[in-house]
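Residues per chain are reported as follows:
Number of protein chains: 4
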Amino acid sequence: MEEGVKLTSNRKLEHLILCLCRDVEHKKKSGFQDIELIHRALPEINKDEIDISVNFLGKKLESPFMITGITGGHEISYKINKELAKAAKATGVALGLGSQRVAIENPELEYTYTIVREVAEDAFIIGNIGVSHVKYAKKAVEMVDADALAIHLNPLQEAIQPEGITHSKKTLEKIGKIVKELDVPVIVKETGAGICYEDAKLLKNKGVAAIDVAGAGGTSWSAVEAYRSKNSHLGKLYWDWGIPTAISTVEVREAVDIPVIASGGIRTGLDAAKAIALGADIVGMALPIMKKAFFGYKEVISFIENFNEELKIAMYLVGAKNIEELKKCPLVIRGKVREWLHERGFDTKKYARRSLHGR
Amino acid sequence: MEEGVKLTSNRKLEHLILCLCRDVEHKKKSGFQDIELIHRALPEINKDEIDISVNFLGKKLESPFMITGITGGHEISYKINKELAKAAKATGVALGLGSQRVAIENPELEYTYTIVREVAEDAFIIGNIGVSHVKYAKKAVEMVDADALAIHLNPLQEAIQPEGITHSKKTLEKIGKIVKELDVPVIVKETGAGICYEDAKLLKNKGVAAIDVAGAGGTSWSAVEAYRSKNSHLGKLYWDWGIPTAISTVEVREAVDIPVIASGGIRTGLDAAKAIALGADIVGMALPIMKKAFFGYKEVISFIENFNEELKIAMYLVGAKNIEELKKCPLVIRGKVREWLHERGFDTKKYARRSLHGR
Amino acid sequence: MEEGVKLTSNRKLEHLILCLCRDVEHKKKSGFQDIELIHRALPEINKDEIDISVNFLGKKLESPFMITGITGGHEISYKINKELAKAAKATGVALGLGSQRVAIENPELEYTYTIVREVAEDAFIIGNIGVSHVKYAKKAVEMVDADALAIHLNPLQEAIQPEGITHSKKTLEKIGKIVKELDVPVIVKETGAGICYEDAKLLKNKGVAAIDVAGAGGTSWSAVEAYRSKNSHLGKLYWDWGIPTAISTVEVREAVDIPVIASGGIRTGLDAAKAIALGADIVGMALPIMKKAFFGYKEVISFIENFNEELKIAMYLVGAKNIEELKKCPLVIRGKVREWLHERGFDTKKYARRSLHGR
Amino acid sequence: MEEGVKLTSNRKLEHLILCLCRDVEHKKKSGFQDIELIHRALPEINKDEIDISVNFLGKKLESPFMITGITGGHEISYKINKELAKAAKATGVALGLGSQRVAIENPELEYTYTIVREVAEDAFIIGNIGVSHVKYAKKAVEMVDADALAIHLNPLQEAIQPEGITHSKKTLEKIGKIVKELDVPVIVKETGAGICYEDAKLLKNKGVAAIDVAGAGGTSWSAVEAYRSKNSHLGKLYWDWGIPTAISTVEVREAVDIPVIASGGIRTGLDAAKAIALGADIVGMALPIMKKAFFGYKEVISFIENFNEELKIAMYLVGAKNIEELKKCPLVIRGKVREWLHERGFDTKKYARRSLHGR
Ligand SMILES: Cc1cc2nc3c(=O)[nH]c(=O)nc-3n(C[C@H](O)[C@H](O)[C@H](O)COP(=O)(O)O)c2cc1C
Ligand SMILES: Cc1cc2nc3c(=O)[nH]c(=O)nc-3n(C[C@H](O)[C@H](O)[C@H](O)COP(=O)(O)O)c2cc1C
Ligand SMILES: Cc1cc2nc3c(=O)[nH]c(=O)nc-3n(C[C@H](O)[C@H](O)[C@H](O)COP(=O)(O)O)c2cc1C
Ligand SMILES: Cc1cc2nc3c(=O)[nH]c(=O)nc-3n(C[C@H](O)[C@H](O)[C@H](O)COP(=O)(O)O)c2cc1C
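Chains A, B, C and D supply the protein sequences, listed in that same order. Going by the working numbering, the first residue of the first sequence is number 1, and it counts up by one from there. Going by the working numbering, the first residue of the second sequence is number 1, and it counts up by one from there. Going by the working numbering, the first residue of the third sequence is number 1, and it counts up by one from there. Going by the working numbering, the first residue of the fourth sequence is number 1, and it counts up by one from there.
No lab work stands behind these hints, which were simulated from the structure alone. Incorrect hints may have been included.
The list treats identical chains as interchangeable, and a pair is accepted whether it falls inside one copy or across any two copies.
Said to hold, decoys possible - Derived pair list, reagent style DMTMM-like, types lysine to aspartate or glutamate, alpha-carbon separation capped at 25 Å:
no., residue 1, residue 2
1, Lys169, Glu49
2, Lys28, Asp240
3, Lys336, Asp240
4, Lys60, Glu325
5, Lys336, Asp347
6, Lys349, Glu309
Produce the complete structure using the sequences and hints provided.
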């Protein structure tokens, strides 16, 4: 293993440990506290008939849920990925891998990723590669026989960490090229700072299949770097940088008609219901799932089952018997989220005034 | 007594005790703190001539006040209902019973309800049955010679509690049928999560005689279930679910022209004045009344007398000599309530700009 | 001295002591914290040439300041009124007396009021009588050779205190009659709950010469009664009732073109500058002046001199060389005050966009 | 040294020490917390190619940064000015001197200023004189061979301090005259209370070359005077007087097309990025620089380098490869800043909806 890879690998371990043991979340909220679903005293549906399954990029998920990328490439990642795969298999949710770069540059680490396909033959598995290493895209897909590839954008973290790669020229062009070359759909995802209307449009035009907003409000990579660095100053200053997830979800949904994954600070099925009613197709989580994975797949499964139940309660209470109906439920957007959206030119009133089944 | 009934009965006792001893109220407010009545330095009325009586569904109430349903069917409910009946008789307010299902399924418990009619021959008494048990509607009315029947909707509590009935299909149809079958007016009420514009319209179309909004801001049945459950997780997540009472009052009033009962977190005559100026005909309370009832009817009477005095002071200070005038007083809607109503398309300015007697 | 008068007299003493020793102010603010005068880096005036004198109801005041009515009729009032008169004489501000009813019903107490005219022969002295005792109006004026008579409205306090007079029918008619009968101008004042647009219009139509808004934000008579009463419940509930002074100032100014006195929670010359820029002609204070008066007229004088200096600094910083110019200075209305005024239909933007000397 | 000068000199020393050891900043914020730059997940630039240099009044600065005037004229100022000059030389930022009046009235103190030109022959150095002493303008420029002269306005401090000069008549005329007489460009600056739209227009019309807003949110001269004065009352009352810097930046930018310096509470490169995106050309700081200067020029240099890095990160994350591009980046204006700007008639939405490169 050459020096560079070792460094990366250790850094990724450090990340895991910090995320596990420190408060690495944004101080600013994801924005869902400003979203209010409207209670229906007359749901007119039966809760036990609610269907939360979705078709996502051609495959069926039992629940509109994706485990989003959690760094791999270390011995410990083998264990984590194995637990995640077992959970994904059992619950029928999508499983996004952490960045595969380390394993491509260092094939002896491949086993830490390939384990997921071994465990979960039929799961919807998403490969992952940073935008600076798109050259590895094909290999990443092949390594795990991925159903889709996620290209992650993390300019914030790269800018904060001393070793960061901050060459972003022609990123779009590179993404466009990969989209053409790959046989599987390409998802572009942020990692905790969100995606704005303008970038969503650009991505759509390059042919990406889906966008994972990964907005501000959950894991903050500036926060992580603040803990890592001897000089925590930059990490602290940019701790809260980014577009809150609820806002980013609207910005992206207003810009494109491809599937949208809401993530970044999503923590409950109630958050998910709000995100989906705002326009997301499915939601994603990383931090809470990672924490459960340390205690084994049963914890992950039970977390996802709780999530499903929470989501179903919200759907029952707004009278939505499936995810498509949930998307049409009225909701009220308030506070800072409303203020942002107004300034940016998005009509918030239409969400509050639409109505399910004309009821 | 068969097993199922015993269970219910115990659950209801648990409810009573939790409501008595724990903080079971919403953390979010009822919304009346965002409503400001406009002080008249020149009331131009005499306070001692203020008339707070109302005609409600054909009967006269001495005060625009309803004790709303408090669970019955347990030995202790006999005692509580007796005290409530004495108080209702003495003060001339309406008395809503708790759910009568348990006594219908289990006739030896009837006496815990029938006591109210024995004590208060002429009071306005409202029977009560959950929407899942409307088949009992007729019996419920007959049991206490009820002046009206309240059908309660509580999808939230049913969804949170493990034993909950969450079959809500065709609820509306069932309500419509009952309305036709009964000789007495049917009131539909929520139980702490509120009723929205859409549901109010649907209920009106089915012929219900009045709507009790029972919005968020007072007793939270999620909270109650959070205390009951070993796994308090769902109850906590949904603790604050629902439409705040002040908002729900406007939503319902804007939708229908039948009588509206504002309840859910109403605690004083000042809250009541605001609710009525927002469009309610009368207000209701459960939790504070229940707490007083434990100490006997005198406490309940004195609470209602205080309420009346508080209400009269508000009316005096806005120059309204009766409830009809109070409904026309200008008021200012602010903060979160205003934000919600704007988003939903309701004009708040009209409340602030209307004027009593063109003064 | 008959029983009734003794009672009043003691009550008034109680009031004084509570105002001196307890926190009797509204918890809600007077609204001036939501008003922002706009700093002029280029005042283009000399501070030492600023003229804060005003003509008020035909007499010149050295400063736009009125000591507003502080209860009299007790031995101790003699002392207080004497100190106030000395201070008013020395500083050239207007001096409002407390209610003279007790001295009219009980002539041996007259000396507690007449002292002011003895001490301050030329001061602008305002007699005072409650609206329920307007029959005493003429006597009140004669007693102190008053330059004007203030009729005070205090429906809130009357409603809260057990002994209160809450007969407000035909109040307006009575005021109209007094206005016609008296030779001196009639000021109508509230006592801490404010005056709204509607009432200001009505008062103007009856010919009153000036309105003292006495809004919410300063002394709360509900608070005082909460301390006095064994049962503090009503006083606490209505502690914060009323129209905040900043709002009331705009409501009254928008309604009428007669002089407006802003009072109720005015505490500094900076508050005064804001009130005058909002439309007041002069400001008034009771509580802070009363507290100083206990320590002698020198304290009162020094308080007023401080006030004058504070006011001049504000005027200097907005470039207003006299009170008329101050009235034309732009200011920004924010927060709750702006929200209220918008709802009520008053244009707040015009204040922010007007400009002094077209500069 | 005559008495008057000694007094000034001591006062200035007092100022330095208070600024060093006490909390002299506004309690109200500079407003930048209400400004949100919009994250670009796709910066499409390389961070290491970002150019933060600017042309300012004809000279190139390596960074859009000015050390703004810090009082001089005392022995200790010699030391501070020397350190500042070394830092300015090393980093290529502009260096504003403190008021030169004391050295003009007292030539033996000249060395405390001339040291800056000795050390930093090529730096952009700005002379400084109060608006009350513009007669010294020419001498001030000559003393240090200044590239520009800053005339400072500080009516607030003058009004608060007992020894203050509050003669502001014809200030504009004087400024106009100086502008004509001097060969170097004239910058007019406030000192912590900001400049409004109206004053910016007036200054522009008099031919000033640039405006330094020096708004509220950073050093408060009222605060400083509150500490100095035995009677801290006025200083405390006016502690927070002034136009917040973010607001003042917009007001001035909307009024004029000459260069704008945003200062007053600017503390980081992130604040600077926001200020520039709002319309400033460069930013200025006094307090934080002064504190570093006490520890030597290396500390100042390292502070400025940090600032540069912070600024570059913000620029990278919004995809701006130079300062001109940064000015065109969209941003969202919220909260109190938005409220103020709306009331004053400035369109905030245009900032949120503009877009860089049509992207
Ligand atoms: C420990 C950890 C490692 C992560 N590694 C990756 C990664 O390798 N690739 C990636 O695209 N995102 C990665 N992420 C970002 C997440 O996928 C996600 O976008 C982000 O954490 C926000 O979601 P959350 O608030 O639910 O954590 C990682 C997150 C965590 C917590
Ligand atoms: C102890 C308790 C028992 C209740 N039982 C019933 C019931 O049986 N039927 C019903 O319609 N509502 C029931 N409610 C709901 C109340 O009628 C009311 O809608 C709700 O508590 C909100 O009002 P509050 O905030 O004044 O308590 C009950 C409330 C309490 C506190
Ligand atoms: C001790 C005390 C006695 C008062 N007595 C009278 C009175 O007799 N007549 C009257 O018109 N107002 C009376 N007021 C009300 C004041 O004139 C004034 O309207 C009110 O206190 C609000 O102003 P403030 O906040 O500056 O105290 C009294 C106020 C105080 C504090
Ligand atoms: C110690 C000190 C001395 C100052 N002296 C001057 C001065 O002589 N001339 C001047 O124009 N501004 C002077 N200022 C004001 C600053 O230039 C600046 O406008 C103000 O402090 C706001 O910026 P800040 O918040 O970064 O300190 C001084 C500021 C400080 C802190």
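**Asked** Any of the earlier hints contradicted here, and which numbers?
**Response** 6
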